[in-house]
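Asker: Those protein sequence lines, which keep their order, are chains A and B. Those letters in the first sequence? Residues 156 to 307, by the numbering used here. Those letters in the second sequence? Residues 156 to 307, by the numbering used here.
None of these hints come from the bench; they were simulated from the model. Treat the hints with caution; some may be incorrect.
It does not matter which identical chain is used: a pair holds within one copy or between any two.
[As the list claims (entries may be wrong)] Simulated pairs of lysine to any residue, SDA-like, Cα-Cα distance not exceeding 25 angstroms: (1) Lys186 / Asp224; (2) Lys263 / Glu163; (3) Lys186 / Thr227; (4) Lys201 / Gly238.
Number of protein chains: 2
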Amino acid sequence: MIYFEDMEVGAERVFGSYHVTREEVLEFARKYDPQPFHLSDEAAAKTHFGRLAASGWHTAAMTMRVMVDCLTEDRQAGLGSPGVDELRWLRPVHPDDTLTVTGRILEKTPSRSKPEIGSVRSQITVTNQADVPVMHFTSIVLMLRRPPSASD
Amino acid sequence: MIYFEDMEVGAERVFGSYHVTREEVLEFARKYDPQPFHLSDEAAAKTHFGRLAASGWHTAAMTMRVMVDCLTEDRQAGLGSPGVDELRWLRPVHPDDTLTVTGRILEKTPSRSKPEIGSVRSQITVTNQADVPVMHFTSIVLMLRRPPSASD
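One chain only, chain A, in its complex shape:
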């Protein structure tokens, strides 16, 4: 298991990548964000998106999937998240883009009220295949602290 104590401020990592398909962009948009520029190239061409663009919430969801796959493999002692700060959609995400998710640990804080828990703030950056940042946010994750008896 990876605990709060194992997180090192300043450490950077690549969580992984996600290939964006047109079918998935349309499926998410129809269900959760049916604005015209998320539903057709024709409508998107009339906006700054230029052509069909993924919902920003879809980009966030794809990013989460990349992070969860990575953290599950790590057996990281995560307890969920109270939220995120300064989420910014910087550039459109289009079908056939490949997104890469990286993280850098900004800060870690032991809980004052719960000695078994700590919180870790990280800068999460998502870039496309041209290495252009398309989204970033600050994540806040609660993690278990290493129990006194834990050996690994």
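Use these hints to put chain B onto chain A, whose structure you have.
Answerer: Frame of chain A, contents of chain B only:
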């Protein structure tokens, strides 16, 4: 059409509601956030979630759907969003919850570089059927300014 000029700082509105189903919680989690507490009651019972809880990103997506339906009906001149601030998942969202989305306009700022655009910051709050807040965030939305020739 509703333009930037029509947005009034301090104005509050109810965007609408969304009923959360178990099937949808599981479908979203399998695809985008397969952490154990989003996949089964048994795993969630071992955590502070207590029972199956929706991914926070799913709650955000359902919230977006409610807002888009409302704004489409209004014919609001929205141009997409550069991001959100201080997104907080305050309480778990469970299957069979009914979420209600409300907004309050905090601030509006004409663009300095683009005279045809303004940005509007709003506090978005999502409550469940017990009127308990489950999520809030500050939205930032770009809107068209009323063209000199527009009559409505």
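Asker: Is the C-alpha distance from Lys186 to Asp224 at most 25 angstroms within one copy, between copies, in both cases, or in neither?
Answerer: Classified as both; 24 angstroms inside a copy, 11 angstroms across copies.
Asker: Go through the copies and call it for Lys201 and Gly238: within, between, both or neither, with a Cα cutoff of 25 angstroms.
Answerer: Intra 34 angstroms, inter 21 angstroms, cutoff 25 angstroms: inter-copy only.
Asker: Are the CA atoms of Lys263 and Glu163 at most 25 angstroms apart within a copy, between copies, both, or neither?
Answerer: within (8 angstroms within a copy, 40 angstroms between copies)
Asker: Could you place Lys186 and Thr227 in one of the four classes (within, between, both, neither) given a Cα distance threshold of 25 angstroms?
Answerer: The answer is between: 15 angstroms across copies meets 25 angstroms, while 27 angstroms in one copy does not.
This entry satisfies every hint, going by the numbered hints stated previously.
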